[in-house]
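Please model the entire structure based on the sequences and the hints provided.
Order-wise, the sequence lines are chains S and F. Read left to right, the first sequence gives residues 9 to 747 (the numbering used here). Read left to right, the second sequence gives residues 6 to 396 (the numbering used here).
Please note that the accuracy of each hint is not assured.
What the hints assert, rightly or not - DSS-like, lysine-lysine: derived pairs with alpha carbons at most 27 Å apart:
# : chain 1 : residue 1 : chain 2 : residue 2
1 : F       : K294      : S       : K628
2 : S       : K585      : S       : K536
3 : F       : K294      : S       : K625
4 : S       : K506      : F       : K294
Claimed, not checked - The calculated label-pair distances, taken between Cβ atoms and stated as ranges, are:
# : chain 1 : residue 1 : chain 2 : residue 2 : range
5 : F       : T57       : S       : D122      : 51 to 61 Å
6 : S       : V647      : F       : L33       : 52 to 62 Å
7 : S       : K70       : F       : G312      : 44 to 54 Å
8 : F       : G119      : S       : L229      : 32 to 42 Å
9 : F       : A383      : S       : L229      : 51 to 61 Å
The hints are simulated quantities; they were obtained by calculation from the structure and are not laboratory data. Positions of the beta carbon are idealized from the N, C-alpha and C atoms, including for glycine.
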Amino acid sequence: MRITTVRILVQILIFGLFVSFCVLTTYSFVDERHGQTWVSKFLEIDPLVAISTGLATGTIYKGLAWSAVLIIPTLLLGRIFCNWICPYGILHQFIGWVFNTRNAKERFDSNRYDGIYALKYCILIAMLVAVLGQFSLALLLVGAALAVVAVPLGWVIARSVRHPATRRTCLVGVVVLSVSATIAGARSVTKGDWNGTLQIGLLDPICLLHRSVTAAVLPALNMPLVVQEGVPGVAGGVGDYKQHIGATLIGGLLLFLVGMNLFIPRFFCRVLCPLGACLGVLSRFALWRIERDPNKCTDCDLCLHACEGASDPHTQLRKSECFVCFNCIEDCPHDALSFRFLPPKRHEIAAPDLRLRNGVFAAVIGFLFYPFARASGKSSKDFSAGNLVRPPGSCEEWEFLERCIKCDQCIRVCPTNVLQPYPFDLENLEALWTPVMNFRMGFCQLHCTACGEVCPTGAIQRIGVEQKLGLGAYADTGPVVLGTAHYDLGRCLPWSMKKPCVVCEEVCPTSPKAIYSERMQFVERDGKTLVRSATDRTVTVGGLPKPGELSPEPIVFRANQFRGDGTTTYHVEIVHKNGVTETHEIRRNDADTIEIDGTFDQMPQAGEFAVIKYEWKVPKIDTEYCIGCGICEHECPVVGDRRAVYVTAEGESRSSKEPNRDRNRGLSLMKTADASGGGGSRRGALVSLSAMVVSPARPVRARANGGGDDCGCGTPCGSVGARHNGCSGHEVDLRKFLA
Amino acid sequence: MTRRDHPNEVPAAGVSRREALARLGGTLAAVGGSAWAIRHFYDPRGDAGLPTYEGARLRNYFASVFDNFAPSDPRISVARGRATGDEVSPEMIRKMLHTALGPMGGIERFVQRGDVVLIKPNVAFDRGPRMGATTNPDVLGEVVRLCKGAGARRVLVADNPIEKAEPCFAKSKIREAAERSGAEVILPAATTFAPVAIRPGEPDPTRNEALGTWEVFYRPLQLADKVIGLPPIKDHNLCFASMSIKNWYGLLCGRRNQFHQAIHDIVSDLGMMISPTLVLVDGTRVLMKNGPTGGRLEDVTIGGVDGRPCIVASVDPLASDAWCLRHLLGRDPGLLRYLELAEQKIAARIESWRSRSGNEATPNQIDGKRFAMRDWSAYERQGLIRESSVV
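So this is what it looks like as structure tokens:
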């Protein structure tokens with residue numbers, strides 16, 4: 009069998025595997041077979057992912073050690089990944105083959121090397137420098153400081169030492185010393201916190217392809233109703249196809265990059281691919297490569313007919329560009345080309361065609377991208393404005409941004425569609441396509457941790473359900489809090505629109521519920537009336553007189569308008585002239601007379617106020633228990649431009665681990681010590697959420713008190729928790745104000 | 006054509022007759038086709054391309070039983086069992102089911118050989134079975150086996166939970182119980198939904214109506230010959246209690262959460278909408294407070310206020326709900342507005358059937374073939390409630 013036939017068979021197999029892994033990576037699959045996330049294998053062998061997250065975090069996370077599987081053959085054989093394994097490359101090659109309309113001469117020309125193909129090395133450099141972030145800044149500053157000493161020293165040595173060998177040794181010593189001093193100095197200045205920004209996912213072919221498949225291709229395939237009914241696997245179970253914010257852009261980018269093959273064959277692979285660039289650098293050490301025998305070659309250029317990498321096999325081979333597709337060997341009519349072990353060096357161009365100045369310029373871009381991105385403030389001071397609620401188990405935002413490769417596997421497995429790629433946002437480009445929660449589209453399923461399970465880089469940590477819910481061994485740390493729900497009382501139906509609701513309370517999954525309801529009375533519209541006459545259990549009323557008038561206006565109620573139904577009850581409050589008030593439930597009414605349940609304590613007199621009130625449940629939130637799952641927001645029936653209850657990152661537990669950072673949301677909401685008790689007395693010191701996470705139940709300020717429900721100051725002040733005059737020893741229970 | 010063979014020869018002016026006819030015919034055909042297309046697709050009002058929402062009608066799944074239901078046959082049959090520790094064993098559940106169905110004539114009275122039976126448990130939440138927020142999977146499994154034993158061709162289990170369906174069915178162990186006992190689970194999906202005309206025309210809120218035509222989880226109802234409601238008994242934060250009628254909420258689709266603004270209207274509409282073959286109440290783990298979601302074991306009491314687990318078999322959902330509210334949750338059924346409204350609505354339907362029954366048969370006729378009385382004590386006086394104990 010010909011080697012290219014073998015290659016095509018391998019390509020078909022690999023592409024089929026990739027697609028089926030994408031399809032299989034659904035919630036049900038991950039849930040049933042924990043830890044088996046096969047599509048991750050493609051990301052895990054991707055050395056660019058391992059190298060860049062390794063640079064960012066100083067660690068190789070779990071499966072990323074598999075990248076050795078790819079690095080080693082690349083060091084031996086060259087970029088075989090690009091034309092044998094990479095599913096995105098396979099897609100480009102296939103599309104280029106199907107839609108090829110070039111004649112022979114145009115094909116030769118389109119496969120000659122072009123200077124633009126060096127762009128990918130610049131992209132790689134920029135991305136890797138951006139990953140170094142603060143470290144590269146520190147390198148620059150410390151290096152500049154050291155240069156002030158090292159350059160004059162070198163100059164003095166060059167002038168004063170006469171013996172050439174000694175002079176060279178001295179100069180090399182100065183250079184080595186200052187470089188190591190720069191690195192050591194930069195390390196100590198940054199205290200090991202090399203916070204950078206990881207952007208390789210934008211263009212890494214595996215991330216790019218998986219993201220496109222997740223956000224655009226599979227939803228499109230799942231859109232037909234017949235598929236939604238449950239072709240196994242395809243739809244991710246059954247139900248509606250998933251929808252993703254910005255799918256047009258993600259899918260459009262896929263179409264654009266694939267379509268570019270019509271203009272430049274393998275456009276993405278040759279021009280943009282940072283993984284290809286990374287492998288190109290590695291492949292300069294390859295021991296095998298394509299070798300042309302100049303004695304047999306007739307310079308017919310037929311080897312260019314199908315050269316995938318544009319690596320110039322007709323002359324000196326550009327080793328870093330060759331995809332090892334073997335097409336040139338197949339196409340050569342004179343057997344002048346062969347794949348040889350240790351061919352002569354002078355027949356190849358081993359290094360990438362990267363000019364030093366271009367590389368430096370790329371490095372400057374990457375170098376500046378990090379401070380520019382951070383200076384926008386979206387991951388620090390202005391964090392919550394973008395409504396950035398991250399999936400459960402996510403690292404603190406800065407750590408997250410140096411780990412997330414935007415592959416969007418988490419979005420693929422999310423069972424409720426709550427995870428969305430962060431859209432193209434000019435104010436926060438750094439976060440583009442990283443997963444955020446959108447509670448209008450879904451909610452965080454209580455017993456699900458699938459997103460962390462599939463995350464290949466640990467941006468979302470692998471937490472189990474116990475840790476997520478703060479059960480068992482995690483009872484002390486408490487649950488993972490994504491954010492906190494808030495009410496917009498002006499939009500909430502029972503609060504202000506005179507409709508009973510409390511769907512939010514019903515769906516709140518924590519126990520005890522974070523959203524609870526309280527029966528509250530509200531004055532009925534035109535419910536302030538004047539008593540005209542009364543018996544011991546009925547009162548006849550009239551409307552309030554207009555200013556200047558004395559007698560009550562006639563009033564007409566609907567019969568039994570104020571009869572309760574179990575959900576709503578109606579009450580009448582009589583405000584007696586002596587200042588005493590009494591409230592009674594209404595049993596029935598006719599046009600102007602109200603009959604109460606029971607009897608009046610004090611007979612209402614004509615001219616006294618009778619205020620008709622309705623009473624029902626209104627929702628309230630107990631921030632002690634809210635985990636920010638967002639099901640309240642999702643189920644809220646007020647579905648206009650904003651829900652009546654909504655979740656923000658307030659109180660998220662991931663940021664409480666970094667209380668010094670600007671965007672820490674943990675301290676803004678204080679939690680009291682009885683958070684885990686429930687039903688206990690309100691005494692006890694205030695404990696900030698961050699303190700609870702770091703060391704459970706550590707009091708921020710100790711407080712001696714033996715009181716019960718009152719504030720405990722020893723005087724019968726009757727104040728529950730709140731500070732009052734003449735009593736200085738009490739904490740302020742913020743929940744009083746929140747409620 | 007032959008002229009082309011001699012390129013030097015100047016072609017004569019004009020075309021051949023054949024070519025002229027062909028070209029003329031082609032153009033005329035295009036003109037005619039366009040005219041026909043415009044005529045065919047012409048829509049002067051602009052609404053012909055809009056979708057129409059014709060609702061399907063639900064069958065009365067009780068009608069076939071109603072015809073030979075003697076006046077003296079029990080409407081409610083209760084079997085009380087015994088808990089072992091804080092569990093109710095599957096054997097006990099099996100015995101309770103047999104004891105409850107015994108006075109009603111056994112499951113064979115309701116399920117015949119070859120029937121497709123739909124069982125509607127409550128799987129509304131992603132909660133474990135011990136939390137009482139969902140139907141006890143052991144009860145479901147036993148009911149499926151009973152139906153299979155009576156010769157049912159297919160047993161379907163369906164619900165449209167509030168949370169994501171798959172995790173809910175998994176966590177509540179309903180899926181496992183259903184599939185192990187030989188039932189098929191139908192999960193909600195767009196293709197299984199269809200608009201159903203619950204009442205003709207638009208609902209009138211002033212008459213406490215909530216549903217006109219609404220999207221319903223229709224596929225299982227369409228497939229089924231018999232429908233068995235299998236609700237747990239739960240406290241409910243808004244409508245007081247969630248029992249057999251409220252359990253049909255899980256058949257609604259779309260933005261059903263808006264109905265919480267008129268909860269008694271919607272629940273009573275549900276009671277009117279569907280007439281199940283049989284209601285089997287799962288009185289094993291009763292959620293006494295913090296319903297309908299629960300989440301704490303303290304909220305659950307075995308057998309409710311009675312303290313003994315029970316199964317209630319009933320052919321009158323209203324009476325069964327009232328009985329369960331009184332005996333399991335220990336509350337006054339008189340306070341439950343939706344039962345009162347449901348009774349009125351069903352009565353109005355039966356009345357409209359009676360007034361028309363003199364005329365020729367209409368599909369509406371079977372609407373009247375159902376029992377709907379919330380006054381369970383009246384049944385008790387007539388001896389239509391049987392209570393028995395499993396030893």
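For each hint, the structure was consulted:
{"no.": "1", "hint": "F:K294 / S:K628", "verdict": "18 Å, holds"}
{"no.": "2", "hint": "S:K585 / S:K536", "verdict": "15 Å, holds"}
{"no.": "3", "hint": "F:K294 / S:K625", "verdict": "15 Å, holds"}
{"no.": "4", "hint": "S:K506 / F:K294", "verdict": "26 Å, holds"}
{"no.": "5", "hint": "F:T57 / S:D122: 51 to 61 Å", "verdict": "59 Å, holds"}
{"no.": "6", "hint": "S:V647 / F:L33: 52 to 62 Å", "verdict": "55 Å, holds"}
{"no.": "7", "hint": "S:K70 / F:G312: 44 to 54 Å", "verdict": "52 Å, holds"}
{"no.": "8", "hint": "F:G119 / S:L229: 32 to 42 Å", "verdict": "38 Å, holds"}
{"no.": "9", "hint": "F:A383 / S:L229: 51 to 61 Å", "verdict": "58 Å, holds"}
Hint check: no violations occur; every hint is consistent with the structure.
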